[in-house]
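J.: Here is how the chains run, residue by residue.
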Amino acid sequence: MAVLGGRLVRLVFLGKFGDVAPAALAEVALPGGVRTLGDLKDWVAHQQPLLGAAMAATRTRLIVNQCVAHDLSLPVTDGDEVAFLPPMSGG
Amino acid sequence: MEVRIVQQAFDPQAEVAAFAAGRDDAGALVSFVGTCRAGTGGMAVEELRIDHYPGFTEKEIARLAEETAKRFDCPDLLVVHRVGPIRPGEAIVLVAALSPHRSDAFEVVRILMDYLKTDAPLWKKETGPEGARWIEPRAEDYARRLEAEKR
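From first to last, the protein sequence lines are chains A and B. Its first residue numbered 1, the first sequence is counted upward by one per residue in the numbering used here. Its first residue numbered 1, the second sequence is counted upward by one per residue in the numbering used here.
Worth double-checking, as some hints may not be accurate.
As the list claims (entries may be wrong) - Derived DSS-like pairs (lysine-lysine); straight-line CA-CA distance at most 30 Å:
#: 1; chain 1: B; residue 1: K59; chain 2: A; residue 2: K41
#: 2; chain 1: A; residue 1: K41; chain 2: B; residue 2: K125
#: 3; chain 1: B; residue 1: K59; chain 2: B; residue 2: K150
Said to hold, decoys possible - Stretches of chain B that chain A covers, calculated by requiring three or more beta carbons in the stretch to come under 8 Å of a beta carbon on chain A:
#: 4; segment: 112-119
#: 5; segment: 127-138
Don't read these hints as lab results, they were simulated from the structure. Just so we're clear, the structure is a prediction, and the values are computed from it rather than from any experiment. Glycine residues also receive a C-beta, built at the ideal position from the N, C-alpha and C atoms.
Given only the sequences and the hints, what does the whole structure look like? Please build it.
T.: Spelled out as structure tokens, the structure:
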């Protein structure tokens with residue numbers, strides 16, 4: 001799946017998102033147009049419409065390298081791990 | 001303070017006994033065990049599956065535990081949380097707190113449980129004869145969490 005010069009990122013889908021996320025999205029080479037976390041979210045939704053619909057129907061939080069991302073205009077960089085979190089069920 | 005995420009069934013009584021062993025400094029020990037119900041809202045539950053985000057879930061629960069312990073006289077705290085597939089009757093969560101005073105030990109356990117119900121990065125899926133569904137916190141869970149912040 002590697003693309004010359006592309007950024008490889010790992011994607012993690014939790015809870016109900018995991019039910020509709022294909023295994024192919026676990027590690028992806030991002031196209032050049034996907035620069036920010038917001039772009040990534042839109043790109044993922046476009047790649048997998050079921051996932052896009054699930055994310056649109058609920059609050060989605062992004063966690064980048066294990067830290068909560070408050071700003072979706074931040075860039076996605078090579079080697080990042082980005083997790084998509086639906087509302088938590090709690091303990 | 002210890003926070004553990006476990007994949008297998010655990011024995012809450014043995015965990016509490018090990019946690020409290022030799023702690024003659026405390027005087028009060030309070031523990032809470034949450035177990036898997038065989039049904040919720042009229043729907044039978046055959047299996048509960050809890051999804052977690054390795055690393056992040058532990059870090060967030062540890063943060064909530066530290067913040068809660070800091071607000072009271074609580075020298076030590078234990079949290080054990082089960083993830084993966086769970087059968088009705090099995091323990092899901094154990095919170096145990098040591099303190100020189102019983103009121104502090106009770107408060108730490110109660111408030112930390114209120115936080116865990118809404119803020120722990122865990123996702124629960126119940127499966128029964130009618131199918132499967134993902135669980136989200138109830139309005140009363142959020143209300144308790146707000147109350148916990150005020151105390």
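J.: Looking back at the hints listed earlier, which ones does the structure fail to meet?
T.: Failing hints: none at all.
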